[in-house]
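S.K.: Starting from the given sequences, assemble the full structure and let the hints guide the process.
Which chain is which? The protein sequence lines are A and B, in order.
Be aware that the first sequence starts at 3, since it is given in this note's numbering, and climbs by one per residue.
Be aware that the second sequence starts at 3, since it is given in this note's numbering, and climbs by one per residue.
Hints are computed from structural coordinates only; laboratory data are not their basis.
Positions of the beta carbon are idealized from the N, C-alpha and C atoms, including for glycine.
Please note that the accuracy of each hint is not assured.
As the list claims (entries may be wrong) - Using C-beta positions, here's what the derived DEER-type ranges look like: (1) A/29 with B/49: 35 to 43 Å; (2) B/76 with A/78: 40 to 48 Å; (3) A/22 with B/49: 24 to 32 Å; (4) A/3 with B/23: 24 to 32 Å; (5) A/78 with B/45: 36 to 44 Å.
Unchecked claim - Which residues of chain A face chain B? A partial, calculated answer using Cβ under 8 Å: (6) 4; (7) 5; (8) 7; (9) 20; (10) 44; (11) 57; (12) 65; (13) 68.
What the hints assert, rightly or not - Calculated from the model, a selection of chain A residues having no Cβ within reach of chain B, i.e. all distances over 10 Å: (14) 18; (15) 25; (16) 27; (17) 31; (18) 51; (19) 75; (20) 90.
2 protein chains.
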Amino acid sequence: MIRHIVLLRWTAESTPELHQAVLDELRALPAAIPAIARYRLGTDLGLAEGNASLSVIADFASVADYETYRDHPEHQRVIAERIKPILAAR
Amino acid sequence: MIRHIVLLRWTAESTPELHQAVLDELRALPAAIPAIARYRLGTDLGLAEGNASLSVIADFASVADYETYRDHPEHQRVIAERIKPILAAR
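M.R.: Spelled out as structure tokens, the structure:
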């Protein structure tokens, strides 16, 4: 099993609506990309300063499945349209 | 349930022996800290440049349990003695 973990932090000026749009569009990815075995999104609880805003834990049966997800046009679209505009740190 | 996720990257000059020492000492934490509900460590598969060296996914039943872990002397010792000396990025 391949586990891919990403932590993202949003810019200070980004809005809750923009954060929610990322969540909504990422949540739709498993239906669009069967290579994803398991997909879990988490949002920051605000327990400490400087923590990431969003966590993604994505599981795959193989490296090939991970690469299918990584390069999938719908995933790339969410990154380009929704994530990059509000990304402070990855 | 509280999930705490940390991604750490080691310095280029750190050795496999030092990386293994971190793993060994972190793996011993659940036995020393009953507040930890579930503790999973992952090491980088080397699929992409710049990814983290080590992932820690720690689950807790409550914020208080997370804080017990965060502040536990044995956890703080591993951070100070094993992790900080080879830490490039957190």
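S.K.: Does each hint fit the structure? Answer for all of them.
M.R.: Hints and how they fare:
Between residue 29 of chain A and residue 49 of chain B the beta carbons are some 24 Å apart, a value that contradicts the proposed interval 35 to 43 Å. Checked against the hint of 40 to 48 Å, the pair residue 76 of chain B and residue 78 of chain A passes, with Cβ atoms roughly 43 Å apart. Between residue 22 of chain A and residue 49 of chain B the beta carbons are some 30 Å apart, a value that agrees with the proposed interval 24 to 32 Å. For residue 3 of chain A and residue 23 of chain B, the hinted distance range of 24 to 32 Å is satisfied, since their beta carbons lie about 25 Å from each other.
Between residue 78 of chain A and residue 45 of chain B the beta carbons are some 27 Å apart, a value that contradicts the proposed interval 36 to 44 Å. At about 7 Å, the closest approach between the beta carbon of residue 4 of chain A and any beta carbon in chain B falls short of 8 Å, and the interface hint on this residue holds. Because the closest C-beta pair between residue 5 of chain A and chain B is about 6 Å apart, less than 8 Å, the hint holds. Restraint check, residue 7 of chain A versus chain B: the minimum CB separation of about 5 Å is within 8 Å; hint holds.
Evaluation of the residue 20 of chain A hint against chain B yields a violated restraint, the C-beta minimum of about 22 Å exceeding 8 Å. The criterion of a C-beta within 8 Å of any C-beta in chain B is met by residue 44 of chain A, whose closest approach is roughly 6 Å, and the hint holds. Checking residue 57 of chain A against chain B: minimum C-beta separation of about 5 Å stays under 8 Å; hint holds. About 6 Å separates the beta-carbon of residue 65 of chain A from the nearest beta-carbon of chain B, less than 8 Å, and the hint is met.
Given hint, residue 68 of chain A at the interface with chain B, holds; its Cβ is 7 Å from that chain's nearest Cβ, closer than 8 Å. Separation of residue 18 of chain A from chain B is adequate, the least Cβ-Cβ distance of about 21 Å exceeding the 10 Å criterion. The beta carbon of residue 25 of chain A is kept farther than 10 Å from every beta carbon of chain B, the shortest such distance being approximately 16 Å. Every Cβ of chain B is farther than 10 Å from the Cβ of residue 27 of chain A; the closest lies at roughly 21 Å, confirming the non-interface assignment.
At roughly 19 Å from the closest C-beta of chain B, the C-beta of residue 31 of chain A stays outside 10 Å, upholding its exclusion from the interface. The non-interface label for residue 51 of chain A is consistent with chain B: the shortest C-beta to C-beta separation is roughly 13 Å, beyond 10 Å. For residue 75 of chain A, the non-interface assignment is confirmed: its Cβ lies about 19 Å from the closest Cβ of chain B, beyond the 10 Å cut-off. With 10 Å as the threshold on Cβ separation, the claim that residue 90 of chain A sits away from chain B holds: the shortest Cβ distance comes to roughly 15 Å.
The structure fails to meet hints 1, 5 and 9 from the earlier list, while all remaining hints are met.
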